[in-house]
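Below are the chains, spelled out letter by letter.
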Amino acid sequence: MGAVVGENEQLLDGLLIDGLPSLVAAAHELKSPLALIRQLSLTLEDGDLSSTTEQKRMLRQISLTSERALRLTSDLTRSVRLSDALFTLEPINPQQLCEDIVHELEPFFNAHGRDFRLASRKHPLLLVANRDLLRRIIMNFSDNALHYAEGDNAVEIQIGSRNSGNTIRMGVRDHGPSLSKNVLGVLRDRLNNAPAAVHARPQSSGLGLYIASQFAEAMNGKIGVIRHRDGSTFYIDLQASRQLSLL
Amino acid sequence: MNVPSILIVEDDGWLAEQYARVLKSADYKTATVPHAQAAIQAIDEVNPNAIILDVLLTGSTAFALLHELQSYGDTGAIPIILCTNLADELSIEDLKSYGVKRILDKTKMIPDDLVVALRSVL
Numbered sequence: 012m013g014a015v016v017g018e019n020e021q022l023l024d025g026l027l028i029d030g031l032p033s034l035v036a037a038a039h040e041l042k043s044p045l046a047l048i049r050q051l052s053l054t055l056e057d058g059d060l061s062s063t064t065e066q067k068r069m070l071r072q073i074s075l076t077s078e079r080a081l082r083l084t085s086d087l088t089r090s091v092r093l094s095d096a097l098f099t100l101e102p103i104n105p106q107q108l109c110e111d112i113v114h115e116l117e118p119f120f121n122a123h124g125r126d127f128r129l130a131s132r133k134h135p136l137l138l139v140a141n142r143d144l145l146r147r148i149i150m151n152f153s154d155n156a157l158h159y160a161e162g163d164n165a166v167e168i169q170i171g172s173r174n175s176g177n178t179i180r181m182g183v184r185d186h187g188p189s190l191s192k193n194v195l196g197v198l199r200d201r202l203n204n205a206p207a208a209v210h211a212r213p214q215s216s217g218l219g220l221y222i223a224s225q226f227a228e229a230m231n232g233k234i235g236v237i238r239h240r241d242g243s244t245f246y247i248d249l250q251a252s253r254q255l256s257l258l
Numbered sequence: 657m658n659v660p661s662i663l664i665v666e667d668d669g670w671l672a673e674q675y676a677r678v679l680k681s682a683d684y685k686t687a688t689v690p691h692a693q694a695a696i697q698a699i700d701e702v703n704p705n706a707i708i709l710d711v712l713l714t715g716s717t718a719f720a721l722l723h724e725l726q727s728y729g730d731t732g733a734i735p736i737i738l739c740t741n742l743a744d745e746l747s748i749e750d751l752k753s754y755g756v757k758r759i760l761d762k763t764k765m766i767p768d769d770l771v772v773a774l775r776s777v778l
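In order, the protein sequence lines correspond to chains A and B.
Heads up: the first sequence runs through residues 12 to 258, numbered per the numbering used here.
Heads up: the second sequence runs through residues 657 to 778, numbered per the numbering used here.
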């Protein structure tokens, strides 16, 4: 058995070349959505589905899975070009950004029979970030949560302030099988270093989380994970904007 | 005539649904679970004639489940069909001793391959 597991881990090595995601890593990540699209398309081609409702549902699954694959492709491209680009850091209202993300991903969650929401806040917060990168990170966490969550509990985006208001934490909470202590340790280690066989998400090499950590670093932020008894929260900590206090 | 019962262990909900659709149309009874831990719990209830198993699962991989199944006489005899994106990297010879009878490549298989594989092992 050890030999088999060893081979499996070895196969996921080499995810990075000069600190950038390798073609192998990218191909591995794209296999799952493409394989699903292919299976669904073949079924539609065969004409085995008599119900129009079922056909429409399957077509919807194909389009949503394609969108997910395209998001991943776009994140990979962005990640590779990260070092060449200049990023504007600006004051951002995280509540507003997350409302947009919930609005965009809600159909995807609903198609999986899951709820997705943003925890409400009384007091507005402002943080310093690049809007595009932050959006990609929260989308990545949300996608991760969608595939990890179980039961009827909604996946929830939570926003809060820490360190006497100097840091803003944005987290995505899911309810599913708890990460094992070992997996969590490996994941933390990988998040601080480089990705490898960390299956925080089904069929995942951990590359998505690695990309998220790169995006976070580019904004002087940090991502992490909190293990709960009934799930986990993946989060990003970013510097709070002082603009709000000056108003 | 007893309808064979198949346990599908697949953490992509839509793919699991697709497998179940194909197998039901071939007159198999199916149950679906998303990860290895749930599979262990479901086996007593479902009493499967075969298991269709993804490799990279949330939490433990399929190999942890294979190891667990082999620890018991009854579960060790259940034929396993691996359905994975990693088929190119796995060898049926290496996995035979863990009850794996077939390895299907998710990126190349056609829907009916599942039925063909099951018929060959049941």
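Don't take every hint at face value.
Stated by the list, open to error - If we take Cβ atoms under 8 Å as the criterion, some of the chain B residues that face chain A in the derived model are: (1) Trp-670; (2) Ala-676; (3) Lys-685; (4) Thr-686; (5) Thr-688; (6) Thr-763; (7) Ile-766; (8) Pro-767.
Just so you know, the hints here were simulated from the structure itself, not pulled from any lab data.
Just so it is clear, CB atoms sit at the ideal spot from N, CA and C, and this is done for glycine as well.
Which hints, by number, does the structure contradict? Numbers 2, 3, 4 and 5 - these are the hints that the structure violates, sorted from lowest upward.
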